[in-house]
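Start from the sequences, fold in the hints, and give me the full structure.
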Amino acid sequence: MGLVKKGKVSDNQKYITMKDYSEIIKATFEKMSRNQVISPLLLEADQITNEKLQQHAKYVSLEPGEKPMFMVDVKVAIWGRLTGLLVTDRNVHYQCMKITFLFRGITMLASSKKRGKVALSDLNEISLGDIVFEGTTYLGHRLSLNGNVVGSLVLGRGITFDDKLVENLETLFKAMV
Numbered sequence: 078m079g080l081v082k083k084g085k086v087s088d089n090q091k092y093i094t095m096k097d098y099s100e101i102i103k104a105t106f107e108k109m110s111r112n113q114v115i116s117p118l119l120l121e122a123d124q125i126t127n128e129k130l131q132q133h134a135k136y137v138s139l140e141p142g143e144k145p146m147f148m149v150d151v152k153v154a155i156w157g158r159l160t161g162l163l164v165t166d167r168n169v170h171y172q173c174m175k176i177t178f179l180f181r182g183i184t185m186l187a188s189s190k191k192r193g194k195v196a197l198s199d200l201n202e203i204s205l206g207d208i209v210f211e212g213t214t215y216l217g218h219r220l221s222l223n224g225n226v227v228g229s230l231v232l233g234r235g236i237t238f239d240d241k242l243v244e245n246l247e248t249l250f251k252a253m254v
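In my numbering, the protein residues as written are 78 to 254.
The set of hints was computed from the structure by calculation and includes no laboratory data. A couple of the hints might just be wrong.
[To be verified] Cross-link-like lysine-lysine pairs, in silico, BS3-like; alpha carbons within 27 Å at most:
| hint | residue 1 | residue 2 |
| --- | --- | --- |
| 1 | Lys135 | Lys194 |
| 2 | Lys108 | Lys129 |
| 3 | Lys175 | Lys190 |
| 4 | Lys175 | Lys241 |
| 5 | Lys241 | Lys129 |
| 6 | Lys194 | Lys152 |
| 7 | Lys129 | Lys144 |
| 8 | Lys251 | Lys144 |
| 9 | Lys135 | Lys108 |
| 10 | Lys194 | Lys129 |
| 11 | Lys194 | Lys251 |
| 12 | Lys144 | Lys103 |
| 13 | Lys129 | Lys190 |
| 14 | Lys190 | Lys103 |
| 15 | Lys152 | Lys103 |
| 16 | Lys175 | Lys103 |
[Stated by the list, open to error] Pairwise CB distance ranges, derived in the manner of DEER restraints:
| hint | residue 1 | residue 2 | range |
| --- | --- | --- | --- |
| 17 | Gly193 | Lys129 | 28 to 38 Å |
| 18 | Gly142 | Asp207 | 11 to 21 Å |
| 19 | Asn127 | Arg192 | 12 to 22 Å |
| 20 | Arg192 | Arg234 | 32 to 42 Å |
| 21 | Asn112 | Ser138 | 26 to 36 Å |
| 22 | Lys175 | Ser138 | 17 to 27 Å |
| 23 | Asp240 | Pro141 | 35 to 45 Å |
| 24 | Glu202 | Ser138 | 17 to 27 Å |
| 25 | Ala104 | Lys175 | 33 to 43 Å |
| 26 | Gly193 | Gly142 | 17 to 27 Å |
| 27 | Ala196 | Val226 | 16 to 26 Å |
| 28 | Ser99 | Asn127 | 16 to 26 Å |
| 29 | Gln124 | Glu100 | 14 to 24 Å |
The model shown is predicted, which means the values in this text are computed figures rather than measured ones. All C-beta atoms, glycine included, are put in the ideal place defined by N, C-alpha and C.
Right, here's the structure in full:
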C-alpha cells in the first residue's frame with residue numbers, strides 16, 4: 078500500500094497551510110463521492126457530532142478551535158472501539174493496537190492500546206501498511222506516521238476488513254501529504 082510524503086504543492090515551493098488542509102480534504106471527499114463508494118465507517122466533518130467525539134474521547138482531546146475533518150468510526154461487536162483515527166485541521170489523533178505476537182484473543186484488549194497525536198505541521202508521511210492477522214483472523218492494518226509504525230488500526234467490523242475504507246483512506250492520505 079502506498080507510502081506518501083509531504084512536499085511542495087507546486088514548482089514555486091508553496092507549502093500546504095492549515096486552511097489548505099481543510100480545503101484539500103473537502104475536495105478529496107467530493108472527488109471520492111463521484112469516483113468511489115465511501116465506506117459508512119468513514120465520517121466526513123459534518124457527520125462528526127459531539128456524541129461521536131465523546132465515543133472516541135479516550136484518544137481524542139481537541140484543542141480550542143480545532144475542527145474535525147474526518148474520522149474512522151469502527152466499533153467491533155462486544156469489544157467496543159479498539160482503535161480509531163481522527164484527522165482535524167491541526168492534528169492526527171489515533172488509537173491503535175500494539176503489534177505483538179501476544180494478540181491471543183481477549184488479551185489483546187487489556188493493555189495493548191497505543192494512543193497519541195501528531196501535528197499536521199509535523200506530518201511528513203502517513204500510510205497503511207501490511208495487514209495484521211492472527212491465524213486467519215483480521216486484526217487491522219499497520220498505521221505508519223512519519224515512517225514509524227504506531228500500531229494496528231482496525232478497518233472493519235468482522236473477521237475481515239472493509240476494502241472501501243482502505244481505498245478511501247489511501248486516497249485521503251495521498252491528498253494530505
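Hints, verified against the model:
no., hint, result
1, Lys135 to Lys194, "holds, 12 Å"
2, Lys108 to Lys129, "holds, 25 Å"
3, Lys175 to Lys190, "holds, 6 Å"
4, Lys175 to Lys241, "holds, 24 Å"
5, Lys241 to Lys129, "holds, 21 Å"
6, Lys194 to Lys152, "holds, 20 Å"
7, Lys129 to Lys144, "holds, 13 Å"
8, Lys251 to Lys144, "holds, 20 Å"
9, Lys135 to Lys108, "violated, 32 Å"
10, Lys194 to Lys129, "holds, 18 Å"
11, Lys194 to Lys251, "holds, 19 Å"
12, Lys144 to Lys103, "holds, 13 Å"
13, Lys129 to Lys190, "holds, 20 Å"
14, Lys190 to Lys103, "violated, 30 Å"
15, Lys152 to Lys103, "holds, 25 Å"
16, Lys175 to Lys103, "violated, 31 Å"
17, Gly193 to Lys129: 28 to 38 Å, "violated, 20 Å"
18, Gly142 to Asp207: 11 to 21 Å, "violated, 37 Å"
19, Asn127 to Arg192: 12 to 22 Å, "holds, 20 Å"
20, Arg192 to Arg234: 32 to 42 Å, "violated, 21 Å"
21, Asn112 to Ser138: 26 to 36 Å, "holds, 34 Å"
22, Lys175 to Ser138: 17 to 27 Å, "holds, 21 Å"
23, Asp240 to Pro141: 35 to 45 Å, "holds, 37 Å"
24, Glu202 to Ser138: 17 to 27 Å, "holds, 24 Å"
25, Ala104 to Lys175: 33 to 43 Å, "holds, 35 Å"
26, Gly193 to Gly142: 17 to 27 Å, "holds, 21 Å"
27, Ala196 to Val226: 16 to 26 Å, "holds, 19 Å"
28, Ser99 to Asn127: 16 to 26 Å, "holds, 19 Å"
29, Gln124 to Glu100: 14 to 24 Å, "holds, 18 Å"
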